[in-house]
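A.B. asks: Please take these sequences and the hints and turn them into a complete structure.
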Amino acid sequence: MSIPLGHYLILAAILFTVGLAGALTRKNAIIVLMGIEVMFNSAILNLVAFWHYKHFAVPTAQLFAIFAIAIAAAESAIGLALVIAVYRHYQSVDVDEMQELKG
Amino acid sequence: MWIAAFLIPIGFIFGVYLTIFAFTTLVERKALGRIQNRYGPNRVGPFGILQPMADGLKILLKEDIVPRAADKFSHFLAPVLIVVPGLLVYLVVPVAPGMVAVDLKIGVLFALAVGTVSVIALFMAGWASRNKFSLLGAMRAVAQVVSYEVPTVMAGVAVIMAAGTLSTLTIVERQGGGILNISNWYVFRPWGLVGFVLFVIGGLAESARCPFDLPEAESELIGGYHTEYSGFKFALFQMGEYLAGMAMAGVTVTLFLGGYMGPGSGPGLVGGVIAMLWFFSKLAGMIMLNIWIRGTWPRLRVDQLMGFAWKVLLPLALVNIVAIGFWHFLTPRPLAWVVTTGWLAIWVVVLTKCNAGAALEKREYRFT
Amino acid sequence: MDQHLQDLARQQWLIPAIPLVAAAIQSLLPRGARKLSAGICITGMGLACVLALRAFVATLGHHEAAWAVCNFTWFEFGTTALQLGFILDPLTAAMAAMVTFVGFWIFVNATGYMHDDENFTRFFCFLSLFAAAMLGLVVSNNILLLFMCWELVGLCSYLLIGFWFHKPSAAAACKKAFITTRIGDVGFFLGILMLFWQTKTLNLFNGGHGALEQADKLAQLPGWFGWSVATTIAVLLFIGAMGKSAQFPLHVWLPDAMEGPTPVSALIHAATMVAAGVFMVGRMYPLFIAGGSVEHPTFAMDMVLYVGAFTALFSATIAVAQFDIKRVLAYSTCSQLGFMVMALGAGGLVPGQFHLLTHAFFKALLFLGSGCVIIGTHHEQDMRKMGGLKKYMPITFWCYLIGMLALAGVPPFAGFFSKDEVLLVTFQRSKLAWGMATFAAFLTAFYMTRQMFMVFAGKWRGGDDHGHHAESHGHGGHEPHEVPWNMWLPIAVLSLFAIGLGFYGGKYAHYLGAEEEELSGKALVMGLSVAVGAVGILLGWFFYGRKPLAHASDPDPLEGKLGWLFTCLNRKWYVDEFYEATIIRATMATGTLFRMIDKRVVDGILHSIVWIVRGISHVCRLVGDEFFINGGFDTGCQTVRGSGWLMSKLQSGRIQTYFRILGLGTIILLVVYFLKS
Amino acid sequence: MNFAFWIISAVTVLGALLAVTLRNLVHCVLALILFFIGIAAHYFLLRADFLGTVQILIYVGAVAVLILFAIMLTHNVTGTEGPREVLGLKWWSGAAIAAVLAILLKKAILSDPLATLLPAGDKAQTSVAEIGKVLVAGWVVPLEAIAVLLTAALIGAVVIALEEIRKSR
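Protein sequence lines, in the order shown, are assigned to chains A, B, C and D. 1 is the number of the first residue of the first sequence in the numbering used here; add one for each residue after it. 1 is the number of the first residue of the second sequence in the numbering used here; add one for each residue after it. 1 is the number of the first residue of the third sequence in the numbering used here; add one for each residue after it. 1 is the number of the first residue of the fourth sequence in the numbering used here; add one for each residue after it.
There could be a bad hint or two in this list.
[What the hints assert, rightly or not] Within a straight-line C-alpha distance of at most 27 angstroms, the following computed DSSO-like cross-link-like pairs (lysine-lysine) qualify: (1) A/Lys-54 / D/Lys-133; (2) B/Lys-105 / D/Lys-133; (3) B/Lys-72 / B/Lys-30; (4) C/Lys-649 / C/Lys-547; (5) C/Lys-561 / C/Lys-459; (6) B/Lys-132 / B/Lys-62; (7) A/Lys-27 / C/Lys-217; (8) C/Lys-547 / C/Lys-561; (9) C/Lys-200 / C/Lys-175; (10) C/Lys-649 / D/Lys-90; (11) B/Lys-72 / B/Lys-62; (12) B/Lys-72 / B/Lys-132; (13) A/Lys-27 / D/Lys-90; (14) D/Lys-107 / C/Lys-676; (15) D/Lys-106 / D/Lys-90; (16) D/Lys-107 / A/Lys-54; (17) C/Lys-547 / C/Lys-390; (18) D/Lys-106 / C/Lys-676; (19) B/Lys-72 / B/Lys-58; (20) C/Lys-431 / C/Lys-522; (21) A/Lys-54 / B/Lys-105; (22) B/Lys-62 / B/Lys-30; (23) A/Lys-27 / B/Lys-30; (24) A/Lys-54 / D/Lys-90.
[Claimed, not checked] If you want the footprint, here are the derived chain D segments under chain B, 3+ residues with CB under 8 angstroms: (25) 64-71; (26) 147-155.
[Claimed, not checked] DEER-style ranges, computed between Cβ atoms: (27) D/Pro-142 / B/Gln-36: 55 to 63 angstroms; (28) B/Leu-318 / D/Ala-108: 45 to 53 angstroms; (29) B/Trp-297 / D/Ala-152: 35 to 43 angstroms.
Just so you know, these hints were derived from the structure itself, not from any lab. By construction, the Cβ of each residue, glycine as well, lies at the ideal position given by its N, Cα and C atoms.
C.D. replies: Quick look at the structure:
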């Protein structure tokens, strides 16, 4: 009756693709960052799911999860700071307008 | 069957705490009155006992105005989100031995974590009402809550280190024993005292009461983030605020004042009732303390408020953790006492000294 | 003695050098330095004269022909060395002495004649240059040096004839003179080439293996037209001489050369230049006589003989009908030259050379005299407008008379002896030539007396033909006047020589080293020549002395007699017209013909070639370059740019594009993973 | 038990979808917060309580607020998105890539034998203390590294954001 691992994997996959779609399609930088956050969390969920189904006894998975969350938080902080700085320069957060680093 | 197991604590929490909320409003107004040398509300029912019901009825009858430009969805959701964290905290507050809604192993962390949710609610309220003043008030509230949350959590860490567990029940149990179940309260430890003070200040700040009630300071921001609310939503805001205050008081009690520990509290039915009595009396004491502070202390300026949080409380909390470290490893108790008190005393002096200038600088007026 | 001669030979080059240096200095003088220029010129000529006389005197004393040669290397290139040389022998010495002496007096006369000409300095510079060239020709032992001086002399004659170049007739005359002599020079040059080709040396006398010393050897070698080489060379050289000495076919330039100033005519067309041709034949005499003897002489000798004889007769006839005082003398010179050439052709080297010397003196005298007459009559040259000058110009008259008598061959004068010698030699050789010569002598006497009476007898006809013009000037005709001292002194000196020189004929023969031989019919020839001379003078007096012309416009008495013949003579037998009609038109025709050919054929070909090349290049550009190279190259870099652009599109700077590529990448990886498993 | 999973995963997916598709930025953030809470709930379901609270504490408490502040700083206060952008090629290509990826992942997961693994039953849940002990004992270096990283991130973010104030004065 309990839920097989596959469900969690699919759930994580779906969340990941939703996050990716968000990051790809939306024009607003902040939404892109949020998309990335969603992808991060789906990855960590995947990790925890695997931990739960295979290595329940070993606590290291949770450590990894914690580290991952910490890194994700730091990343989003920096990302948002950058977005603010870019906004100051472009007066807009439209991803398409930030094109100056082009080839 | 197991659903019932869930419903009883929820019902208990709702019943008890909401009535406490109701009467706290009354008591607060009467106490403030007394402080300000006047009677509080005494018209409705004898000694104004029925005042809360009157207020509740009044608010229910009031028209619920929603500003046209407001963001409908978040305007409606904000009051709900403010109340929820307050109530969630009570899940982990042990009222009597074995009597806690949910015995989470990470009770304290849960309580603190839930506290952060209220930040979002504040912001949503301020932002949803599309009102510059309410937004300013919300931003101030968020800033204040976030900056005071950190020292509070750090202070909680000290207790967790002492108790060695995150579960609130075990923490309270740890504070039992000793002379009359009192001497083991963490508040009577040097680091416990510091932690207690930090927690009380943190509690006041998080619920935006008294010295830190800048967000809805009437004189400046006309009520801050809940100016645009009226009717029952406004009531929810009031309830949320008080519940948050009481929640922090409850946590303070469990962490530092030994929860339900008191002379006579024990595991049995009678001990349990006495324990509950001790818990609620300590809770009332803390509430009275808040009201007292509210009545007497002037409001802080924003920069003083922020400065105080980051430049005094946080360092003190970190120092406190170090102190608990000493306490934990220095086996001969009196040595531990001396070292920790000395350490803490030094830091208190240092912090007040180097912050003296900032805190008390003379305010120069532009238009003299 | 021989050593002394050798030293003198070595100094021979000084004689031409001094006038050359004088010419160089004068050429640098400004127009105003008139006196200085004349002074330099005359002193230069004087010095050369002294040196020449010194050399002449040195050669007199020898019993056999005094002879010295000085050769030196001019410059070397590789193995061959070009040698030049100077010679001192009786022929050269006598000639140099004559040229310098006569030249000197002519220069003195010229100062007077050119007195009021503004190009005075330039004139005297040309004169000294001419003298240097003539002397160089005379003293050279090298045929190339001789030829160079020969050309220089030609140049000077051109410059001097065309001195008044602003006169179109003078300009045309100097060109005519130069070109005609050049035609002769071509033959001369071919002769030199053949000589050098055969003898491998240019020196005439070079100690045994000089060009002339090999004459006998040359006589054996077969040359052109069946003649021997020597004869061929002789013929070619004589053609040169004909050009320079105005012999029959090439004589047309001499009368026109009278356009130049009179001293020029005197110097060049009487004494020196025209004599150069005769001198050159004399110098090359061994070549002429090589291969033949007196009995059957070589073709060259015959040619020289008859050309000379005919020229003498022909020009004498023309001289009779001339009205210009200088043209009469010009034609007389022409006939006298004919006499000299005839003498050489007849084998008489000595009589030819001796006649040359005497003729130089009295012809110079006559020309200078005519110069004085022209100056006296204010540049009047037409004899019909003169007359009666005897009373106005007594000195000139007497000197002119002496010169006339010498020329006519009256016994005591120089002309008689030398002409008699010539006639004697010709008599030996060929009776026909002798007859022609004697008739020529008669005509000479006739036209000279005609000239004397027309110029000096009768009354002054100057100013008549313009009739009213003269009166309008208010002071009657221009009275002729005597010439200043520096004009009549030279003719006086020359007249002395015209008298005295004749007696030295025998000494001259001995001097030249020719053996004395008694010639037959000497008395007949001498008597006949004197008679002929007398008859000529009588006829002259009869026609012109008895009733001198009254007016310039009167017809010439002879004209009435001869009628059409007189006009024919006056027109110089229409030789010029003949030349004009034939040779000149022919050359013009060939010129235009070649021009047409050049224009049509050559240009045509060239243009077509150019057109073809342009066509080819055009095609190449269109097809090759434009299409292949440019095209290929352009497409090449186009693709590169294109791909470059494509790649750069990828780096569009938009973060989401990178994301999409990332997604695409993972998809591909997954697909590969599935396909593999 | 498993219907809780379905509800929570439904809530999470809804949160994620809304977070990505909503026009109003603030609503997106709220949806995102819902998503974070959903994830936390899943952690509780997977009996990783500590993780759940940490998730709530960090994401809901800090990151969400951070995003809100970012929106406030970079947007006109109303937070309304600009005119709805035309669903150009870019939008479709993004969505297409995501869809294809989803299909492939799903195929990969289903085909893998692990998918059918069942939970190992109710063994003792690792307590927070255990985690703490392991963290400090075996994983001290990573812990310190994370600490350094977080401080660096903190300082970095401040420097980037602050620059504006200094310049503006």
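A.B. asks: Hints first: check each against the structure and report whether it holds.
C.D. replies: Hints versus structure:
1. At roughly 22 angstroms between alpha-carbon atoms, A/Lys-54 and D/Lys-133 fall within 27 angstroms of each other, so this suggested pair holds.
2. Annotation: proposed proximity of B/Lys-105 to D/Lys-133 holds, straight-line Cα distance about 15 angstroms (limit 27 angstroms).
3. Using a Cα cut-off of 27 angstroms, the hinted pair B/Lys-72 and B/Lys-30 is violated, with the two alpha carbons roughly 37 angstroms apart.
4. About 127 angstroms separates the Cα atoms of C/Lys-649 and C/Lys-547, which puts this hinted pair outside 27 angstroms; it is violated.
5. Of the supplied pair hints, the one linking C/Lys-561 and C/Lys-459 holds, its CA atoms being roughly 23 angstroms apart against a limit of 27 angstroms.
6. Taking the CA atoms of B/Lys-132 and B/Lys-62, the gap is near 24 angstroms; set against the 27 angstroms cutoff, the hint holds.
7. In summary, the hint linking A/Lys-27 to C/Lys-217 is not supported, as the alpha carbons are separated by about 122 angstroms, beyond the 27 angstroms threshold.
8. Pair hint C/Lys-547 plus C/Lys-561 holds up; C-alpha atoms about 15 angstroms apart against a cutoff of 27 angstroms.
9. For the suggested pair C/Lys-200 and C/Lys-175, the alpha carbons sit about 35 angstroms apart, so the restraint of at most 27 angstroms is broken.
10. Taking the CA atoms of C/Lys-649 and D/Lys-90, the gap is near 14 angstroms; set against the 27 angstroms cutoff, the hint holds.
11. The suggested pairing of B/Lys-72 with B/Lys-62 holds, with an alpha-carbon distance near 19 angstroms, which does not exceed 27 angstroms.
12. Among the hinted pairs, B/Lys-72 with B/Lys-132 is consistent with the structure: their alpha-carbon atoms are about 17 angstroms apart, no more than 27 angstroms.
13. About 10 angstroms separates the Cα atoms of A/Lys-27 and D/Lys-90, which keeps this hinted pair within 27 angstroms; it holds.
14. With a C-alpha separation of about 15 angstroms, the suggested pairing of D/Lys-107 with C/Lys-676 holds against the 27 angstroms cut-off.
15. Of the supplied pair hints, the one linking D/Lys-106 and D/Lys-90 holds, its CA atoms being roughly 24 angstroms apart against a limit of 27 angstroms.
16. Between the alpha carbons of D/Lys-107 and A/Lys-54 the distance comes to roughly 21 angstroms, so the proposed pair stays at or under 27 angstroms and holds.
17. A threshold of 27 angstroms between alpha carbons decides the hint, and for C/Lys-547 with C/Lys-390 the separation of about 16 angstroms falls inside it, so the pair holds.
18. In summary, the hint linking D/Lys-106 to C/Lys-676 is supported, as the alpha carbons are separated by about 18 angstroms, within the 27 angstroms threshold.
19. Restraint check: the Cα-Cα separation between B/Lys-72 and B/Lys-58 comes to about 24 angstroms, which is no more than 27 angstroms; the hinted pair holds.
20. Among the hinted pairs, C/Lys-431 with C/Lys-522 is consistent with the structure: their alpha-carbon atoms are about 14 angstroms apart, no more than 27 angstroms.
21. A C-alpha spacing of about 23 angstroms is found between A/Lys-54 and B/Lys-105, which places the hinted pair at or below 27 angstroms, so the restraint holds.
22. Only pairs whose Cα atoms come within 27 angstroms are accepted, and B/Lys-62 paired with B/Lys-30 is accepted, the gap being roughly 24 angstroms.
23. The hinted pair formed by A/Lys-27 and B/Lys-30 fails the criterion: a straight-line CA distance of about 56 angstroms is larger than 27 angstroms.
24. Distance check on the hinted pair: A/Lys-54 and D/Lys-90 sit about 40 angstroms apart at the alpha-carbon level, beyond 27 angstroms; violated.
25. With a cut-off of 8 angstroms between beta carbons, the stretch 64-71 of chain D has 3 residues touching chain B; three or more are needed, and the interface restraint holds.
26. As drawn, the stretch 147-155 of chain D meets chain B at 0 residues by the rule of a beta-carbon pair under 8 angstroms; below three, the given contact is violated.
27. A hinted range of 55 to 63 angstroms for the beta carbons of D/Pro-142 and B/Gln-36 is consistent with their spacing of about 57 angstroms.
28. Checking the proposed 45 to 53 angstroms range against B/Leu-318 and D/Ala-108 shows it holds: the Cβ atoms sit about 48 angstroms from each other.
29. Checked against the given bound of 35 to 43 angstroms, the beta carbons of B/Trp-297 and D/Ala-152, roughly 39 angstroms apart, stay inside it.
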